[in-house]
Structure formats: C-alpha cells, structure tokens
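Chemist: Chain by chain, the residues:
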Amino acid sequence: MTEIFGVPTQALFGQLLIGLINGAFYAMLSLGLAVIFGLLNIINFTHGAQYMMGAFCAWFLLQYLGVGYWWALLIAPLAVGAIGVAIERTMLARLYKLDHLYGLLLTFGLALIIQGVFTNYFGSSGLPYQLPQEFAGAYNLSFMFLPKYRAWVIAVSLVVCLGTWYVIERTKLGSYLRAATENAALVQAFGINVPRMITLTYGFGVGLAAFAGVMAAPIYQVNPQMGANLIIVVFAVVVIGGMGSILGSIITGFGLGVIEGLTKVFYPEASNTVIFIIMAIVLLIKPSGLFGRAR
Amino acid sequence: MKAIRFSLTALTLVVAASAAQAQISDGVIKIGVLSDMSSLYTDLAGAGSVAAARMAVEDSGIEKRGYKVEIVSADHQNKPDVGSAITRQWYDVDKVDVIVDTPNSGVALAVNQITRDKGKAFLVSGAASSDLTGKACSPNTIHWTYDTWMLANGTGSSIVKTGGDTWFFLTADYAFGLALERDTEAVVLKNGGKVLGKVRHPLNTQDFSSFLLQAQASKAKIIGLANAGGDTTNSIKQAAEFGIVKGGQNLAGLLVFLTDIHALGLPTAQGLIVTNTFYWDSNDQTRAFAKRFAERDKGIYPTMIHAGVYSALTHYLKAVEALKSDDGTKVIAKMKETPTDDPLFGKGSIRVDGRKIHPAYLVEVKKPSESKGPWDYYKVRATIPADQAFRPLKDGECPLVK
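Each protein sequence line maps, in turn, to chains L and V.
In this note's numbering, each number is its position in the first sequence, counted from 1, plus 753.
In this note's numbering, each number is its position in the second sequence, counted from 1, plus 1.
Hints were generated in silico from the structure; no laboratory data involved.
Note that the structure is a prediction, hence the values are computed from the model and not measured.
A couple of the hints might just be wrong.
[What the hints assert, rightly or not] Only pairs whose alpha carbons sit at most 27 Å apart, straight line, appear in this in silico DSSO-like list of lysine-lysine: (1) L:Lys901 <-> V:Lys247; (2) V:Lys395 <-> V:Lys367; (3) V:Lys395 <-> V:Lys162; (4) V:Lys222 <-> V:Lys367; (5) L:Lys901 <-> V:Lys368; (6) V:Lys337 <-> V:Lys319; (7) V:Lys337 <-> V:Lys65; (8) V:Lys65 <-> V:Lys319; (9) V:Lys119 <-> V:Lys403; (10) V:Lys222 <-> L:Lys901; (11) V:Lys367 <-> V:Lys65; (12) L:Lys901 <-> V:Lys220.
[To be verified] Ranges between beta-carbon positions, derived for each pair: (13) L:Ala908 <-> V:Val94: 56 to 62 Å; (14) V:Gly347 <-> L:Thr1026: 45 to 51 Å; (15) L:Asn873 <-> V:Leu401: 27 to 33 Å; (16) L:Ala904 <-> V:Val381: 57 to 63 Å; (17) V:Gly347 <-> L:Leu769: 38 to 44 Å.
Glycine is no exception: its CB is placed at the ideal position from the N, C-alpha and C atoms.
Work out the full structure: start from the sequences and follow the hints.
Modeler: Structure, rendered in structure tokens:
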C-alpha cells in the first residue's frame, strides 16, 4: 500500500473526508457570523450560544412534543431566529452608532448568561438525541466507513452555504442589503425600510446558527457548552477568511476543517491550536484576511 | 440556689464549647470544595460535591456539639493555574482548613503540592491519577474514591482475560489521561496483551471521528478510552455512529461515571463494562443516601465521586473531633490511623501513602429492557476485594513508605 509520511493513502482519504465534514459545521457557523458582521458591523459573540439553543430546541421538540428531526430543522431556526430578532430590536439596535467593542461585549455577555442558565438547568454531561431512523447505517466507501448522516451533513451544508452566497451576492434583495451597509441613509431615501432589513438579517444569521445546531444534535451530545467550544474556532475561521466576506468564510470553513483533520493524524496534540497558528500567520501576512478587503 | 446551679451549668457549657474550639483555627472548620463548576466534569462532581459535603456535615452532627463549620466552593475551570491561585487564596486569606473533591488530575497535583507546603489537608475524590499516592504522595493528602491503577486493574485486566488482547488507546492529553493510559498499558502487557497504537486528543474535544478512524484502522480488538466526562460520552456516541462495535471492535470505557451513562442513554451505552467503587443501588443505606442527594442536586443520582466526598468528610470530621484540632497534618495522620466506617463505603482503612482502601465493583451497563427507569443502569458482575483493588503499597514509589 502506498503511504504518505507513514500514513496509508487510503486512511488519508478517510481523514480528508472527516475534515470536510467538520469543515461543513465551521462553514455554516462562520457564514452566519460573516453575514451579521458584513451587514450589521456587529461581532456576534452570542453565535455559539445560539447554535447550542438550536440543538436544545430540537431536543425539546422531541422530548416534550414528540416532534422529530425534520420538523426541528425548520422550527428550531425559526424559533431561535425570532429570539435573535428580539435581541436585535431591544439591545443591539442601540449600539450601531458606537464602537464595535460595545457590540462585542454585549453579545459576549449574553452568551455567558445563556450558557450559564442552560448549564444550571441541564447540567454539563449533555442530553442524548437519537439519530433519525432514515440515517441509521453507513456507506462503505472502500477506504472508509461513512455514516449516512455525515454524508447528509456535507450535502446540506454545501446547499445552505451556496444558497446564502447566491442570495447576497447575486439577487436584488442581496444588492439592497449590500447597499444598505455601504450607505444606509441613501438606501433609506429610496424608500427601503433599512432597520427592518437589518433586523431580519440578524434573525437570519442567528437562524443559520440554530440550523447548524440541529444538524449537530445527533452526532454530538446536546450540551450547554457545545457552542462555547466551537465559537472561538469559528471566529478564527472568519478572521482568516476575511471579516464579512461570505465566500471567504465558506471556503475557509471547509479548508480549515481539512487542515485540522490532517493535524489529528500527524500530530493530534496540536489539533486544538493549529487553526490559531494559521490565523496568526494570515494576520501577519494579510491582515484583512484571505478574502477580505481593507475597509 | 437555683440561680447558682443555672450559672454553673451555663459556665460548664461555655467551657465545654470553648474547649471544643480551642484548637480550631479561627473557631471555624472551613471546608473548601474545589471542583469543575462549569465545564465537562460538572455533573459528575461540581455542585453535587458541594451538596455531598453539606450532607456529610449535617449527618455528622458536629455543629450540635459546639463546632462551627463553613463550606465554600469554587470553580477551577480545569486549569491548574486557576486552581492553584484559588488554593493559595483559600489557605492564606480565607483560612480554609481542608480542600475536597477536585476532579482533573492536573489541578489536583498542583493543589496537592500547595497543601503540603502549607500544612493543610486535601481529600481527593474527583481526581484519578495514581501518582497522588505514588511519586507525589504527601502526608497532607488522602486519595479517597478511586484511581487510575484501580480502573486499569478492574476494567483492563477483566477485558484482557476475556480475550481482548490487542488495544488501541484514545487518551485525553493531560496528567489524568496519561496516567490512566500508562497504568492500563501495564496491565494489558502483564496479562499477555499487546498495545497496537495510541492517539492523544486535547481535553474537551467535540469531534472524535478522526481519532476513531485511526483506531479502526489499527484493527485492535479493544479501543481503550483513557478519558472522562464529556470526552468519553462523545467518543462512545461517535464510535456507534462509525460502526466500530458492529465492525467487531469493542470499546473499553476506562473511566465512566453514572452521569455519563445517563447522558448517553442505555441504547448507546448498554453492555459497557465499567469499574466503580460505589453504586447507589447497593443496599438500603446507599439507596436512602441517593434519594436525599438527588433532591438536592437537580435529580442527579450520586456518582462515586459524590459518595467519596461525603465519606471522606465524614471521616475527616470524626478525626477533627477526636483531636479537637483542625491542623491539617495532624488530622490527616489521625485519619490514617483510625479505621473508616460510613454508610456508603462500609468499613475500610487508609494506608500510609494516603490511599483509602475499599472494594471495587466491575459492573455492566444494563440493556434498556433490564432497566426499571432512570438511574437504574448497572448490574454487578464481580467484586474486587479491598486488598486487591488498589496498587500494592510497595509498588507505588511513595517516599512515605519505608
């Protein structure tokens, strides 16, 4: 069998695929962050908590109402997105004129509060969420055993990411959004309700996080800390991709997933830090990120 | 006459009370529960350990006899530097006399050293590393509930003996995981098994699929999980997803707590073999304790760590009363020379190296059909007698053993 650095190529293919799956989560989460930052100029540190709330929402639906995975995919993003809208209207909207730092502090504080409340009521070990029956089993690709659900994760995340990119970069609605970030007063003068558009954008970004949370529920434990662990990495992804760049965050998300996956093979002890090393290097060479433009 | 008698009685009472407090520093026995209050070990120790400490104090009745007891708690966030800072603050400023629990061996080893320097007392229930009674043993520390040698000896040897002779380790990359891996590897090799590979993952990892794939490729019969808490539950859950068990490999959860089984659910956890030193459904006393405990800890049933905190403090308070002093070094010495006896672990003893000795139980996780409801999870397969459950005194390299 051929080997690369002592690892059989077959095994390496498997690891690449796994990296891509983890990258799918990074991409979905960093996409929401990028949309929110790009259009609202808010660094949404609550994103991890909102991802966690999505997973919990799916669990609540199943546990108390007997509502399954498929409906949860629809209901959880709407419910958590609605909470996001409320947060934006009551709190964030007051901060747009102030420095970034205020938005960051507010959302970070909110994240800590939400996680604390969930930990208080549901503990730290997490709650089980069974894999939907449709996804039981796996595909045997000669080089690895790919659980059906993981294949589904990649497919869905690609669709969601590209769909979002298309809406923002290629449709009329997207052009309004982009115009409003450049010059809100001018766009408003054309009779477009900019504050409402911004509120809905935030709701959408939050909904994306919740959607990723539902996707994650069957493979990770539904756990109050699940977002806290992920959010820092996702932030690094956004920074590497370029703050606010939609396509950048998608490509970087998948790419870094793969790099992290390979680190887990060659030097697993560093798998938690490799992304930050890359972030440091990118910031040194291209401070606005790989796909960002200097503002 | 009546008045004189009254004042005499009052005087005796005052004298008795002040005698009781004579040697108690600041007049208060101050207990510090240092634990993980916000992260992956919260449910298996955390707030439950505080509840268990409070129950131990109440059940001892020591406060009725004129002693003042105060319990404080803090979150070490699984960081040895944070844990050390709290420990120093507690000993130097807040006058804490004894620290209990402390899951996370990295933090516990740091607290162990500071406690020794300050001449205080440290009762370990949460941490696992067998080094606490080995190279790092201390006249100020007692390791109560379990340790990595015991887990390796219980789970590891029983699995090798039933044919699981090739191993691949999935190890949490810090003091605890490394100690557990080391002790289990020794047991595997001693029983004629082989270790085909190992991979070390950072503490608090979400996704184990990459590591599991490596374990799968190793073709080892047994994948040993030298991790704990959320890391273990995520490994087990994802191993099921990747068809590891269906593919003919088996998982060995080297340290699995009752709360982990609860989090996984029986459909995923059934059949796991685990070593424990306490199970709530053992006898009437443990059942009564569990019921009271659950009322105080959000319905969570006690893990062996919670039981250990209760039992260790019960013994500690007896020693304090016997000595009428809360001087750390003296109390620990007294605890070692007195046989232990409490409702949860029964009769036992403490060795000179600080190791508390009691039986261990090899248990199997029930099938969903066998369980009568939440928390009814284990059936006992074998009991390892107290004198065989822990590392022999001479093998520990503890400098206190002469």
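Chemist: All hints are to be evaluated individually against the structure, with a verdict given for each.
Modeler: Taking the hints in turn, this is what the structure says about them:
Between Lys901 (chain L) and Lys247 (chain V) the CA atoms are separated by roughly 15 Å; this keeps the pair inside 27 Å, and the hint holds. Of the supplied pair hints, the one linking Lys395 (chain V) and Lys367 (chain V) is violated, its CA atoms being roughly 37 Å apart against a limit of 27 Å. Taking the CA atoms of Lys395 (chain V) and Lys162 (chain V), the gap is about 25 Å. The hint holds against a cut of 27 Å. Under the criterion of a C-alpha separation no larger than 27 Å, the hint pairing Lys222 (chain V) with Lys367 (chain V) is consistent with the structure, at around 22 Å.
With a CA separation close to 26 Å, the supplied pair Lys901 (chain L) and Lys368 (chain V) stays within the 27 Å bound. For the hint pairing Lys337 (chain V) with Lys319 (chain V), the CA-to-CA distance comes to about 12 Å; that is within 27 Å, so the pair holds. A hinted pair counts as satisfied when its Cα atoms are at most 27 Å apart, and Lys337 (chain V) with Lys65 (chain V) qualifies at roughly 25 Å. Of the pairs offered as hints, the one joining Lys65 (chain V) and Lys319 (chain V) holds, with about 14 Å between alpha carbons and a cut-off of 27 Å not exceeded.
Note on Lys119 (chain V) and Lys403 (chain V): the hinted pairing holds, with a Cα-Cα distance of about 24 Å set against a maximum of 27 Å. For the hint pairing Lys222 (chain V) with Lys901 (chain L), the CA-to-CA distance comes to about 24 Å; that is within 27 Å, so the pair holds. About 43 Å separates the Cα atoms of Lys367 (chain V) and Lys65 (chain V), which puts this hinted pair outside 27 Å; it is violated. Restraint check for Lys901 (chain L) and Lys220 (chain V): satisfied, since their Cα atoms lie roughly 22 Å apart, inside the 27 Å limit.
Against the hinted window of 56 to 62 Å, the Cβ-Cβ separation of Ala908 (chain L) and Val94 (chain V) comes to about 57 Å, which satisfies the hint. Range check, Gly347 (chain V) to Thr1026 (chain L): about 46 Å between beta-carbon atoms, so the 45 to 51 Å window is met. Roughly 42 Å separates the CB atoms of Asn873 (chain L) and Leu401 (chain V), a value that falls outside the hinted 27 to 33 Å. Separated by about 41 Å at the C-beta atoms, Ala904 (chain L) and Val381 (chain V) break the suggested range of 57 to 63 Å.
Checking the proposed 38 to 44 Å range against Gly347 (chain V) and Leu769 (chain L) shows it is violated: the Cβ atoms sit about 54 Å from each other.
Hints 2, 11, 15, 16, 17 from the earlier list are contradicted by this structure; the remaining hints agree with it.
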